[in-house]
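Trainee: Single-letter residue listing:
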Amino acid sequence: MKTVRRIFGTLLIAAAIFGTGVWTTFGLAADVGGGERTVAAAAHTQPERTQEIDPGDADEPIYRVLGIVLFVWIGISLYLFFIDRKITRLEKRIK
Amino acid sequence: MNITKSVFIAMPASIILTFLYAPPAEVLGDAGRIIFYHVPLAWISVLAFVVAGFYAAVHLFSKSPRAADADMKSHVSATLGMFFAVLTTVTGSIWAKLSWGSYWNWDPRETTIMVLLLIYIAYLSLHGTLKDGEKRGRICASYLLIAAATVPFFVFIVPRLYPTLHPDPILNREASVHMDFRMRITLICTIASFTLLYLYLFGLRFRIAVLEKVRMGIER
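Top to bottom, those sequences are chains A and B. All letters in the first sequence, in the order written, are residues 1 to 95 by my numbering. All letters in the second sequence, in the order written, are residues 1 to 220 by my numbering.
Note that these hints are calculated values from the structure, not bench results. Here the structure is a predicted model, which is why all the values come from computation and not from measurement. Hints are not guaranteed to be accurate.
Derived DEER-like restraints, expressed as beta-carbon distance ranges [said to hold, decoys possible]:
| id | chain 1 | residue 1 | chain 2 | residue 2 | range |
| --- | --- | --- | --- | --- | --- |
| 1 | B | Gly203 | A | Arg93 | 16 to 22 Å |
| 2 | A | Arg64 | B | Glu134 | 49 to 55 Å |
| 3 | B | Val50 | A | Arg85 | 26 to 32 Å |
The calculated DSS-like cross-link candidates involving lysine-lysine, where the alpha carbons are at most 30 Å apart (straight line), are [as the list claims (entries may be wrong)]:
| id | chain 1 | residue 1 | chain 2 | residue 2 |
| --- | --- | --- | --- | --- |
| 4 | A | Lys86 | B | Lys213 |
| 5 | A | Lys95 | B | Lys63 |
| 6 | B | Lys63 | A | Lys86 |
| 7 | B | Lys135 | A | Lys95 |
| 8 | B | Lys213 | B | Lys5 |
Here a beta-carbon is modelled for each residue, glycine too, at the ideal position from N, C-alpha and C.
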């Protein structure tokens, strides 16, 4: 039960990290003030870039965001990989 | 090699696609890329709840010896479904802030996901409260079966009955996806990657549950 709780806790932490990542990536940029409910769909007034990304421009913020998201994923995948290895070892020992 | 392990390649590939291949959304710009995370998360949470309901039915009605693990599988799937439903709500809430100016609006879709979350929180509480054994298996499986029956109602029917600000769903009335070709390809790839992630986590979590059971058997 302890392991299950630990795994569930870790998944929750991963969710929190993922949520924070998404929040900082998308949420902060959207802080347009107010917060009051906008009923009309005409509220789509974000002055965002809607053109294609310039592949030669390394200063594009999207590359930084991509780096952060990939970094988070690498962390999660390493964690999952090590758990998988531990479980395989335990299964072999039980057999 | 287990095919679900391909998630370690598929997931970063999908992440790269979402940021570099897919064009920015027409109105929301780069912020619109959240669709490539929100939609797959919603899809796998529904998938997980349906799988949980399926295994609950197997546990209740099948007498085959192969159905012995169905109880554990239904619990594992319900837990994962809950986890992904929380992430769906978080990403949806951020999208709502971007589109509608507020994180929570009590839109029909937001309200139904909230009800669905409460149903599965109640399930987890029920599962945690009862003592391990056949009785708990049957009670939880019955609950999960009823809960799974409500999923299509809350996800597909109610949001379509009431006026909503939510963008046109992928499975819409015209049965056509209103999306740029590259965005559509990216979305298909992310849905496939997240499905692999679900299957991988399901396998991993099930193996842990089996080990737990073995350990508890040894301790007794």
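Trainee: Now tell me if each hint is right for this structure.
Mentor: To see whether the hints hold, each was checked on the structure:
1. Gly203/B - Arg93/A: 16 to 22 Å: For Gly203/B and Arg93/A the Cβ distance comes to about 19 Å; the hint holds.
2. Arg64/A - Glu134/B: 49 to 55 Å: Because 54 Å falls inside the window, the suggested range holds.
3. Val50/B - Arg85/A: 26 to 32 Å: 31 Å, holds
4. Lys86/A - Lys213/B: This hinted pair holds, its Cα atoms lying about 17 Å apart.
5. Lys95/A - Lys63/B: 26 Å, holds
6. Lys63/B - Lys86/A: 33 Å, violated
7. Lys135/B - Lys95/A: Given that 30 Å is the threshold and the Cα spacing comes to 29 Å, the pair holds.
8. Lys213/B - Lys5/B: 24 Å, holds
Checked against the numbered hints given earlier, the structure breaks only hint 6 and satisfies all the rest.
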